[in-house]
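Trainee: Generate the whole structure from the sequences, applying the supplied hints.
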Amino acid sequence: MTPTPTIAIASNAGTISGAETMLLAIADGMRVLGHRPLVIGPASPSELVDRAAAHGFDTHPVPAATTRAYQRGLAAWRLRNLRIPLWCNGPVPAAATIGMGRRIIEMQDLPVTMSGAQARIVTVGADRVIVPSAFMAARIPGGHVMMNWTEDLPFMPRELPADGPLTLGFMGRLTPEKGLDVLLDAVHILNDRLGGDYRLVIAGDDIGDDADFRSLQRQLSALGDRVELAGRLSREEFRTRVDLAVIPSVAPESFGLVAAEALAMGLPVVVSDAGALPEVMGEMHPWIARSGDASALADAIRGAVSATPVQHTAMVQEGRDRWEEMFSPRAGHRRLRRLLLNPGIAHV
Numbered sequence: 001m002t003p004t005p006t007i008a009i010a011s012n013a014g015t016i017s018g019a020e021t022m023l024l025a026i027a028d029g030m031r032v033l034g035h036r037p038l039v040i041g042p043a044s045p046s047e048l049v050d051r052a053a054a055h056g057f058d059t060h061p062v063p064a065a066t067t068r069a070y071q072r073g074l075a076a077w078r079l080r081n082l083r084i085p086l087w088c089n090g091p092v093p094a095a096a097t098i099g100m101g102r103r104i105i106e107m108q109d110l111p112v113t114m115s116g117a118q119a120r121i122v123t124v125g126a127d128r129v130i131v132p133s134a135f136m137a138a139r140i141p142g143g144h145v146m147m148n149w150t151e152d153l154p155f156m157p158r159e160l161p162a163d164g165p166l167t168l169g170f171m172g173r174l175t176p177e178k179g180l181d182v183l184l185d186a187v188h189i190l191n192d193r194l195g196g197d198y199r200l201v202i203a204g205d206d207i208g209d210d211a212d213f214r215s216l217q218r219q220l221s222a223l224g225d226r227v228e229l230a231g232r233l234s235r236e237e238f239r240t241r242v243d244l245a246v247i248p249s250v251a252p253e254s255f256g257l258v259a260a261e262a263l264a265m266g267l268p269v270v271v272s273d274a275g276a277l278p279e280v281m282g283e284m285h286p287w288i289a290r291s292g293d294a295s296a297l298a299d300a301i302r303g304a305v306s307a308t309p310v311q312h313t314a315m316v317q318e319g320r321d322r323w324e325e326m327f328s329p330r331a332g333h334r335r336l337r338r339l340l341l342n343p344g345i346a347h348v
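To convert, note that position 145 of the sequence shown is 145 in full-length UniProt numbering; the numbers rise steadily by one, no gaps.
If you're looking for bench data, these hints aren't it; they were derived computationally from the structure.
Accuracy of the hints is not assured; some may be wrong.
Across the chosen pairs, the derived CB separations fall in these ranges [to be verified]:
1. 221 <-> 75: 46 to 54 Å
2. 236 <-> 134: 28 to 36 Å
3. 221 <-> 197: 17 to 25 Å
4. 211 <-> 80: 41 to 49 Å
All residues carry an ideal CB built from backbone N, CA and C; glycine is no exception.
Mentor: This is the structure:
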């Protein structure tokens, strides 16, 4: 007989993005802490439940072609399993299970289609409402901060090239809110106006809609062989191919997973001031640019490149130390343990 799960985690997203990556990290943390997590997600697309099963987690696929059908399926499961604590990954599973047993509700992103009053309604009766940053806590009613963490990543520091081209790196969705167009303008400024020698590697393959991609294509064509569309890269591949990571987000970021991963690997990083990115980097981080401003971004990149070898080594080591303290799996599991113990929501 299969043991009963000690906690369930529900998401309405069938594909893997940042929030679902964190969901799997949380499930792994629960397992490390002695729990038996059950991952609930759509039967189609099934990427989330398939990945969870591959990680050795119990899964419950919900057959559903629409969000409302998923909510009905989740509610039906919940009513049959009220004794199992439920972790709701986002507002959709939270809205489907209002008043149904013990719940933790996690908001990884700002609910753009939901008012503050609606957010309060879907979180009624929750043991905790969890958000990944103080930036989010200021915008989600009753939000308690439990910062995200990354997988265990190798420390791969290296010196910046003394001469020749310097390779910048962008990792993420190729959509307007991520600010890739701003970064492309900044690379143009660095090379053509300031006489630099910069290349750009773009890691990612989610290009948004056709109009967005046509606009990007014009900028990409203008840079010619100075830019490479590399598709999806692993974190380690990304690190080996770039000298400096740039996170030029325009829309507010609820956390900044790529920034935390860069800290882990010893990759110097320039960020915009969008949302929680400065919070992830720490108040002493010097390379922060005003979001949406290509000139400011170019200046921040030049500042990072102009650091002396001693300054560079110190910044990289401080970044790794910050990751160990705040964003490593060990740090994340400590936070998760405190969360699960304090409200007494889940006991082994």
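Trainee: Each of the hints needs a verdict: does it hold here or not?
Mentor: Evaluated hints:
{"no.": "1", "hint": "221 <-> 75: 46 to 54 Å", "result": "holds, 50 Å"}
{"no.": "2", "hint": "236 <-> 134: 28 to 36 Å", "result": "holds, 30 Å"}
{"no.": "3", "hint": "221 <-> 197: 17 to 25 Å", "result": "holds, 20 Å"}
{"no.": "4", "hint": "211 <-> 80: 41 to 49 Å", "result": "holds, 45 Å"}
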